[in-house]
Amino acid sequence: MNFSKADFIEKLRKNREKIINQWFQAAINTYPPETARILDKSKNKFDNPVGCVTKQSLEDVWDKLFHTLGHENRKNENIEQKEINQEKIEEALDPVIRIRAVQSFSASKAVEFVFELKGIVKKIIGTSLNSSFEKKVDEISLAAFNRFMKCRENIFLLKATEAKRRVHKAFERAGLVKELTEEQLLSSNNKT
Amino acid sequence: MNQKYMLPLIGVFLLFLLAYAGVEGANMQWAFGIIFPYLAVILFIGGFIYRVYGWASSAVPFRIPTTCGQQKSLPWIKQNCIDNPDTASGVFVRMVLEIFLFRSLFRNTKAGFARDETNRLSFSWEIFLWVGALAFHYSFLVVLLRHLRFFLTPVPACVRFLEYLDGIIQIGLPGIFLSGIVLIAAVLFLLARRIFDGKVSYISLASDYFPLFLIIGIAATGISMRYFTKVDIVSVKEFIMSLVTFHPSIPEGVGGLFYAHLFMVSVLFAYLPISKLMHIGGIFLSPTRNMANNTRAKRHINPWNYNVKTHTYEEYENHFRDKMIEAGLPVDKKE
Amino acid sequence: MADELKPDELLDKIDHTPARGSWMDTSVQIRPGMYCYAAKAESVETLGLPNARAWNPLEDDWKLPENWQEILHNGLKERLEKFRTFKIFMDICVRCGACADKCHFFLGTGDPKNMPVLRAELLRSVYRNDFTHAGKILQSISGASKIAGNRPLTLDVLKEWWYYFFQCTECRRCSVFCPYGIDTAEITIIGRELLNLLGLNIDWIATPVSNCYQTGNHLGIQPHAFKDMLDFFTEDIEEITGVNVEPQFNKKGADILFITPSGDVFADPGTYTCQGYLILFKYLKDKYDLDVTWSTYASEGGNFGFFTSHETMKRLNAKMFAEAKRLGVKWILGGECGHMWRVIHQYMDTMNGPADFLEEPVNPITGTKFENAKSTKMVHICEFTADLIKHGKLELDKSRNSNISLTYHDSCNTARGMGLLEEPRYIMNNVCDNFFEMPENTIKEQTFCCGSGAGLNAGENIELRMAGGLPRANAVKYVHEKFGVTHLCCICAIDRAVFPTLMEYWVPEVDVIGIHELVGNALILPGEQKRTTDLRMEPLPGMEEEEMEDEDE
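Residue numbers (this note's numbering), protein chains in the order written: chain A, 1 to 192; chain B, 193 to 527; chain C, 528 to 1080.
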């Protein structure tokens, strides 16, 4: 068992580039094909922020995942360690999820690409997946959901407080307006 | 999707067949050799003038160049005289660079050569758009100029010199002209880009494919006449001179291929004024490029400027007078 | 529409991968977060613009006049004659695709209809159908029109126009790369003008326009409140510097009339830039006796009319010259703003000139003639300040900004509609030691838009704004990580209003600042007390301890 697991990890290591590339393809294929083509093509991170950030982010996530797999191999994780890892994964996912959170994807579409990792690895490695690997991918998916929700909350908060932070704060400093309630601020923002 | 380029492809093929069969089968040399060319030239000249006149008769209400460099402002700040010209000569240089070197298109490539995160030298294939476009337009120009030898007697020295340069790599007999090969390669590249580049094929219309296929057809027939079927050049020249001198006569011994070539050229000329190919004329008139950025220094006149209703100071003061007085703001009328 | 769908249907709708085919096959999906609310009837009425009514873009019925197609057809026809730009841009695009990946909205949202070429094709397809000979011939052959890229003006097409013309910030970046100079801003401007013929504006534009028309500024701040705000800044500055910088209002016979966007007066962090202006003018008054006045009537530099129609732009802009004439000033000085300067630089003199009642602008302190503004007679404050600094007329203490690490965002309009690139850089380098440029393909004429210009800085379309601002934020993030940049400097009121939110989402560690806030911090006023804080009441570098003691006392 231990041997085959080490073997599995070795295979993952060897196929890093291939797996990441296919994973990246799966992620950008959620965009319309003509967009995906551009995201895939330009390597300049300023001319093509979405493509480059996505790629970078996936590489990070993969390396973190690989790292924890390797560790697990040596000793059993304690709970504390697990939480730290979970947090690290979420941070690594942040850039790509942060982008997808403002691109009018539904929540499921936004994180769908994470689930595809299993199929991709299976196809490339050619063997059935190791259960702890599957579990890790599930954890990444949950982390992605978490991060997506955080970004959405962030957006709603920004939306609700922007007016206050901008105009209202200046007025308030000048003593020109009395404190407006949160509802008033929100209602002026939500007309339909 | 396929329809977008299959239909133009079939269309061009039918045009070819029409002329070829018309001449070989129905002996309609007079139509494809005389009527259509004259008609095409009339449509071309008339249409071109009509379009340019149409643009010129639209007003230029505002001077709104796109500025791509430092403006002329303080004497010690270096102005970018070409990308942000404030004089006619600056505009002239900008336009020359634009028209002859496709300067704006070249801007695409700037970011093309860069080292990415992993320090690999990367380049986007946008540079090929610029290279391909330049290659296409210049080889087309050279081919056109070479054809002047059929229209002028005696053949001017400059045309002969151009031919000499074009054929400088002496392979085979008759010697290969570089321009023809470059033209075919460039058109095929532009076509491939339209078909295989996802974003470009998404935005392409049938009218983008049609001229490409037409030019491929023209080049292919031209090349095959020169290198393979060996058309009788002397007869062709006599025939074309007869057209130019308005004494058209049909030559002996010139086959359908020539008429197909001529017919497709005629179609291209006639089609040009009603198509996007009019960018030939439009580029000269594009107001974001051909105007100087000196609107604050020199007043531009809008020919249709009209008076509008505004909210005058008087109306404003009438509305707010009490509040203004109370706040200690000066007013024109005290009550 | 979207909110009436069942969840599973909704999923289908939000699918980003449409069936491959012509872009005309996919009809428009108006997505929440991407569009702005419809204009309120009252705001449209104030200016007497057509078809004022309550309507909702998500409903099927947009309450259009019966003959809306005819109105648009005639409107298009009229504009083809009036604008050579429009006519040529309709005709000569070869769809080479050079512009496709240059638009920040396309790069950020991934929506292919945000490629500049397609944004224009939305209109071009109708133009080809209705106004070209070829289009008319093709109409008679069934199926031919569509293959040729022509289509009739239907309600779906109209909705698509509305959705995508209000997803363009008129930043002109695509125009830089177009081999024919085709300017999508121009097409959007005319597209919006056409939509306004049917009363299809967004409220974030229509209401500021209506306010500006009646009260003189976008926020609808009445004259006494305007004065109150500046008085309040005066108090704050006095607390910091010990000098009373009280401004003058509506003063006849002043040397210079100063006009800035009202955002600088009423919205953070523009307010600090405004304090910078006040300090500068006080300095010039005391040292060189320069007499500057503010106006409550022309209290808006910005011009949301520009985002409505050429006519509305002219109606709002008229106040500047009218007020300068009434007050009898020599020339006009304009504050930091983007689209305000596009209007002043490329439109104002033509629309509302000639300004023959003003003098050709000369800086009375340095003697510099502003040759580039000799007809319009309005000078950008960065040109003015750069000139003062160059001639050594300002006493500056750079060290007060030494805790700031700057990068600079070229505002689209001043970069691509004017070419004001080096003046602000010169000022920044003279008031701050730590200045770092963002990568070359994101600055100067290639600058990326903030994603909220051209009247799109509303709250309801925040996803669009965040996505559109991504390319810009991405470059800021890079210099933040590489050089430790702390502040994003800009010379545009909309930038100052929207960047804080954009930064908070993408690069929360970076703050937003205007150039004249930096100048205000650095400028040593005659007779000032020892400053311990900057204009934001934060301790100056090296003063942190003294500040603490002050607070303890």
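Hints listed in this document are in silico derivations from the structure and should not be mistaken for laboratory results. Just so you know, not all the hints are guaranteed correct.
Here are the simulated distance ranges between beta carbons [said to hold, decoys possible]:
| hint | chain 1 | residue 1 | chain 2 | residue 2 | range |
| --- | --- | --- | --- | --- | --- |
| 1 | B | I493 | C | G919 | 38 to 48 Å |
| 2 | A | A107 | C | D588 | 26 to 36 Å |
| 3 | B | G520 | C | G780 | 13 to 23 Å |
| 4 | B | G246 | C | E569 | 15 to 25 Å |
| 5 | C | K852 | A | R152 | 31 to 41 Å |
| 6 | C | E887 | B | W268 | 45 to 55 Å |
Glycine included, C-beta positions come from ideal geometry on N, C-alpha and C.
| request: Look at the Cβ atoms of G246/B and E569/C and judge whether their distance stays inside 15 to 25 Å. | output: With Cβ atoms ~42 Å apart, the hint is violated.
| task | State, for the Cβ atoms of G520/B and G780/C, whether the hinted interval 13 to 23 Å holds or is violated. | result | holds, 18 Å
| Status of the given 45 to 55 Å range, CB of W268/B versus CB of E887/C | 20 Å Cβ-Cβ, so the 45 to 55 Å window is violated.
| task | Return holds or violated for the Cβ distance of I493/B and G919/C against the range 38 to 48 Å. | result | Because 40 Å falls inside the window, the suggested range holds.
| task | Can you let me know if the beta-carbon spacing of K852/C and R152/A is within 31 to 41 Å? | result | violated, 52 Å
| How does the Cβ-Cβ distance of A107/A and D588/C compare with 26 to 36 Å: does it lie in that range? | holds, 31 Å
When held up to the earlier numbered hints, the structure conflicts with 4, 5, 6 and fits the remainder.
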